[in-house]
Amino acid sequence: MYPSRFRYEAARSLDQAVRLLRDGGDEAKVLAGGQSLIPMMKLRFASPELLVDINNIPGLDYHHADPDGSIHVGALCRHADLEHSGLLQSRQPTMAAAAPLIADPLVRNRGTLVGSLCHADPQGDWASVVLALGGSIVAHGPDGRRTIPAADFVLGPFENALAHDEIAVEAIIPAPRGAPAGGYLKLERRVGDFATAGVAVAIETDGAMVTRAGIALTGVGGSTIKATAAEAALTGRPLTAETIAEAGRLAAEAAQPKSDHRGSATYKRHIVRTFVVRILGRIEGTQERAA
Amino acid sequence: MTQALDEIKIGGMGASRKRVEDNRFIRGKGNYTDDIHLPGMLHMEILRSPVAHARITRIDASKAWEIPGVHLVLTGEMMATRNLAWMPTLSYDTQAVLATDKVRFQGQEVACVIADDPYIAKDACEAIEIDYEPLPVVVNPMQAGEPDAPIIRDDKENQAGNVIYDWEVGDAEGTDRAFEQADVVSRLQLHYPRSHPSPIECCGSIADFNRSTSKLTVYMTTQAPHIIRAAVALVAELPEHMIRIISPDIGGGFGNKVPVYPGYVCSILASILLERPVKWIEDKTGNLISTGFARDVYLDGELALRRDGKILGMRMRTLADHGAFFSDAQPSKFKIGLMHSTFGCYDVPVAHLAARGLYTNKAPGGVAYRCSFRVTEAMFFQERMMHAAANDLGMDQAEFRRINLVRDDQFPHRTPLGFLLDSGQYGACLELGLKAVGYEDFLRQKEEARKNGRLLGIGISTMSEPLGAGNSREYDILGIKMFDSAEIRVHMTGKALLRTGARGQGQGHETTWAQIVAHELGIPADDVTVEEGDTDTAPFGMGTYASRSTPVAGAAIAMVCRKVRAKARKLAAHLLEVSEEDIEWELGRFYVRSAPDRGVTIQECAMAAYSNMPDGMEPGLENNAYYDPPNLTWPFACYIVTVEVDPETGVWDVLNMVAVDDCGVRINPMIVEGQIMGGLTEAFAMSSMQFITFDSEGNCIGSNYMDYLIPTSWETPGFELHGEVVTPCPHHPIGAKGVGECAAVGGPAAFVNAVMDALAGTGVRNIDMPLLPDRVWEAITERHDVSGAPPVRSDG
Amino acid sequence: MTIIYEETGAEGGPEIPQQRVTIRVNGRKVIAEVEPRLLLAHLLRHGMGLTGTHTGCDTTNCGACTVLVDGRAVKSCTMFAVQAEGREVTTVEGLATQSELHPLQEGFKEEHGLQCGFCTPGMMMAAKALLDRNPDPTEEDIRWGLSGNLCRCTGYQNIVKSVLWAAEKLRSQSAG
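Residue numbers (numbering that gives the first Met the number 0), protein chains in the order written: chain A, 0 to 290; chain B, 0 to 795; chain C, 0 to 175.
Hints are computed from structural coordinates only; laboratory data are not their basis.
Owing to the predicted nature of the structure, the values given are computational and were not obtained by experimental measurement.
Note that beta-carbon positions come from the ideal geometry of N, C-alpha and C, so glycine has one too.
Check the hints yourself; a few may be wrong.
[Said to hold, decoys possible] Partner residues are not named here, just some residues of chain B that face chain A (Cβ under 7 angstroms, in silico):
#1 P117
#2 W776
#3 S793
Turn these sequences into a full structure, and let the hints steer you where they fit.
See the structure below:
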């Protein structure tokens with residue numbers, strides 16, 4: 000309940016924040032929403048020496064679509080902004096499905112998508128969503144900006160690819176080439192619980208065929224898992240009972256869950272398969288109704 | 000002409016009076032322990048053991064002492080020099096205040112730091128160096144009972160092994176004979192998991208020792224301030240009149256705030272040593288891993304049954320995990336609380352219960368978590384057993400209960416395990432519940448759904464809970480008899496101050512107690528102030544837990560009002576210039592029998608008590624009453640739940656929840672319903688998600704609200720309440736029975752029975768609570784029972 | 000108004016870095032000198048004596064500490080006091096005016112939406128943000144919107160009714 004001592008700097012610009020991080024070295028941390036970091040500090044699982052608060056840097060609280068159709072989420076865009084976003088509801092079903100399932104309503108008012116990606120918790124929901132969507136993260140450092148694909152961003156549990164003086168400033172979801180469809184399902188025992196297992200599915204279709212498939216898994220391994228074999232089994236094929244079942248089976252195979260108080264490994268694997276099938280089944284149902 | 004007061008209008012019995020205490024709570028002006036700030040106050044934090052069982056080989060606090068702002072570091076060694084390293088428990092055992100020899104559970108108190116602020120105290124706790132030499136760990140009573148199990152309580156002379164007690168009640172031989180004659184014997188084994196009352200407010204205290212007056216004042220989160228005063232007098236060897244315990248507003252208790260905890264003792268000693276107020280506010284982890292847990296009992300029982308459904312006999316064995324110290328808060332004559340109240344509402348001719356308790360490397364406790372001393376386990380087992388037995392007989396759940404419930408004409412009913420049930424209309428409650436839920440319709444719906452692969456289920460739980468301990472012949476805690484008390488002062492203008500020995504924690508005492516006064520004296524409830532929780536002003540009482548406030552303190556209030564009314568009658572006779580025999584009472588007024596329009600109000604009598612009393616009469620209008628109930632009160636409840644289980648995920652949803660509670664006369668129906676809904680929610684919590692478990696190393700899983708799951712508004716189902724059946728308690732002065740806990744006691748079995756009903760046909764007899772989706776799925780898929788006994792499974 | 004928060008009484012020790020924050024709390028401008036690690040909940044409670052904001056857990060679950068920061072409901076135990084610099088904070092003490100209770104406060108009393116009262120301030124603040132966004136919520140909206148606040152006493156059913164009561168009153172007020 001009582002964090003260790005630290006120094007605090009409220010940066011007014013990104014460049015100032017980067018300078019502060021550079022000077023702070025490895026023991027400096029960026030403070031955005033703080034909804035994961037501060038609880039860990041209160042339990043003294045984390046005790047950074049310097050916090051660089053980026054909440055007062057103007058112009059980072061956006062989310063919008065570029066003319067090319069890509070979606071951009073700024074570092075200070077809160078989960079609640081995404082939960083209530085008309086943009087996502089009309090154009091990005093996987094994100095729209097995930098946003099209300101993040102933590103609880105009060106945490107959503109403060110926590111950020113980009114911060115959640117940086118936290119790199121294997122049980123983090125956004126990591127799966129962005130991975131399934133083939134998204135990337137823009138890092139702002141002393142030498143300017145670079146874009147890191149989500150697949151390369153998480154190095155391990157609670158470990159990301161940012162240099163100590165880099166700040167993640169934006170997540171980018173690429174423009175779909177086909178009609179986007181997808182969903183996010185999470186088995187949680189209670190609102191605010193971490194996922195026993197979660198599944199993000201993002202596909203694009205040209206009407207009949209799946210042209211792109213993204214499937215990523217939450218909470219069933221040492222980090223977020225991209226179910227590549229399951230994706231491959233869908234790409235170039237139509238959604239049918241058979242292809243859906245096959246994708247479910249392969250996604251379950253890709254999971255690497257551990258047995259714990261949330262459930263056995265067998266159960267978690269089963270949930271992955273069930274959820275993949277449920278999300279794809281719903282999409283197939285919608286397509287059929289449309290046709 | 001005489002015009003009796005409208006009792007509802009003056010906020011008397013039966014009025015759903017809005018709560019008085021809300022006026023401060025809705026403004027954020029409650030006064031909880033942590034809200035109190037005293038000049039010069041210091042802050043205490045506790046350092047806890049990270050391991051479950053280890054010998055302490057070294058404690059070095061020198062770095063902690065060096066931190067600026069630190070005033071005191073307390074260790075077991077320092078406590079021992081003052082004979083305070085150990086303290087007595089409420090069950091005739093001892094408990095370590097701060098560990099000296101070894102630690103016996105994860106989270107045990109090892110040292111504490113008193114500093115200028117809690118942040119610094121926490122810094123200093125981290126700076127204390129301790130070496131632990133690990134010992135083998137015991138996490139369940141089966142392990143503890145093995146011949147080569149490590150001895151946990153090697154501090155106790157004559158303690159061989161880990162068994163704390165063996166206790167039995169009933170007729171073993173007669174029960175054996177009943178089983179010999181049975182057509183069918185039905186057996187069930189289950190584990191009622193470890194739970195924690197977990198009020199949102201944690202425990203805490205502010206000890207303030209004043210050297211100049213020698214007075215120790217302690218503001219603390221206690222449900223039983225007078226017991227604490229006695230305990231402090233005995234443990235700290237301070238004179239009792241120099242101890243003042245103040246229990247301010249309490250942010251929920253549920254049994255968690257009955258025992259004496261090491262933190263209280265340490266804050267008191269620190270204040271005495273430093274001569275400054277010392278505040279200790281526990282964090283949530285400390286609360287969950289070290290303070291009074293509940294349940295954690297393995298139950299194994301059988302019913303001897305006749306083919307037609309009549310129960311011939313019952314036997315039951317319990318194996319309780321008490322953790323490292325036996326500190327159950329319960330009536331001292333009974334080792335496993337009132338477990339023997341099981342099957343009380345059924346006409347069972349003969350029964351036997353054998354109980355064994357063991358030490359393990361887990362936190363001590365065994366508190367009455369929203370129940371009357373282990374009756375939650377008793378009633379849960381009873382109703383799970385009833386469900387299994389009905390299935391074994393191939394009999395309808397409702398019909399099996401109809402056959403066996405005690406009939407209205409059988410009261411008073413003596414149970415084979417020694418209780419006397421005095422009143423009820425059990426059949427009427429059951430039928431009302433069945434009607435409300437649409438029982439027959441649902442059974443048809445269930446069959447239809449099953450054809451489409453959908454799993455619907457219905458669960459019934461009927462039970463009568465013994466509430467309101469004592470009587471004092473049978474019920475005492477450490478020899479202190481379980482009566483309670485009330486004191487009233489009626490002021491000159493007819494307003495009144497009422498004090499009791501109880502201590503509410505959200506039950507609305509300030510509101511309902513005034514309603515009893517209104518009922519007895521006709522003084523409007525708004526004219527009555529209720530005070531509790533300050534041992535310097537309140538009469539001695541045993542406090543509020545085990546649903547005993549209305550049955551015991553509430554009765555004392557009625558009785559003290561009657562004493563005051565008797566004196567007011569004399570005053571009325573004096574004022575009306577007639578003899579007392581010619582006076583009649585109606586609500587709020589005495590009048591002359593032969594001339595009803597000649598009368599005086601209670602307020603006029605009060606004025607006379609101070610200004611115009613007859614010669615020779617002692618002035619004033621006040622009194623006190625100590626009430627020793629002749630029996631427990633026996634409310635009855637019928638809870639029925641319907642669910643749908645998703646066979647693919649094991650997730651289950653509540654479709655409907657119907658509650659019929661006959662708790663006797665309801666003083667404030669609004670508050671009674673609030674209590675029932677709260678209890679139902681805890682029942683839902685325990686059946687669905689809320690538990691504490693341990694891995695094989697004794698690491699506590701459920702040590703914070705990320706793992707100890709309390710349902711939110713989203714998961715919690717809606718409830719449909721019925722209060723139409725009212726059987727007044729025959730011995731309670733206003734006919735009331737306890738109610739605060741019935742739903743938490745009887746509710747869990749209804750939820751579990753509903754899920755088990757949905758799984759009928761799978762051969763699964765039991766899934767241990769909580770019915771987490773993975774357990775339900777495993778039962779459906781593997782078609783076997785699922786045990787929840789620790790250690791929790793893991794790959795590692 | 001100036002508040003001096005006595006963070007440490009260290010004598011002769013190293014100087015503890017303090018930072019000055021200026022916050023508007025319940026409409027009043029407050030200046031405090033705080034250590035950066037001080038949680039906003041603790042500044043409100045112990046520094047400013049606004050003890051209606053409660054703390055009930057260590058892990059950002061219970062919501063007893065919920066306050067509004069620039070109109071958004073947040074858990075004040077999961078924000079440092081220094082982060083509130085220049086912000087507008089509303090606590091339960093800021094709900095009522097001197098003469099009049101807020102409809103939420105009335106609703107909680109009318110519908111028996113509280114028992115021990117410990118979760119109540121946080122619950123009401125979360126409900127305020129909810130109604131500010133959605134003046135005509137369904138029961139489901141309320142159950143969802145309050146799912147970041149734990150209550151152990153009431154079973155939530157009466158809390159939901161309390162919020163519905165307040166919503167109706169607020170709507171009738173704005174219609175009138």
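Are there hints from earlier that the structure breaks, and if so, what are their numbers?
none
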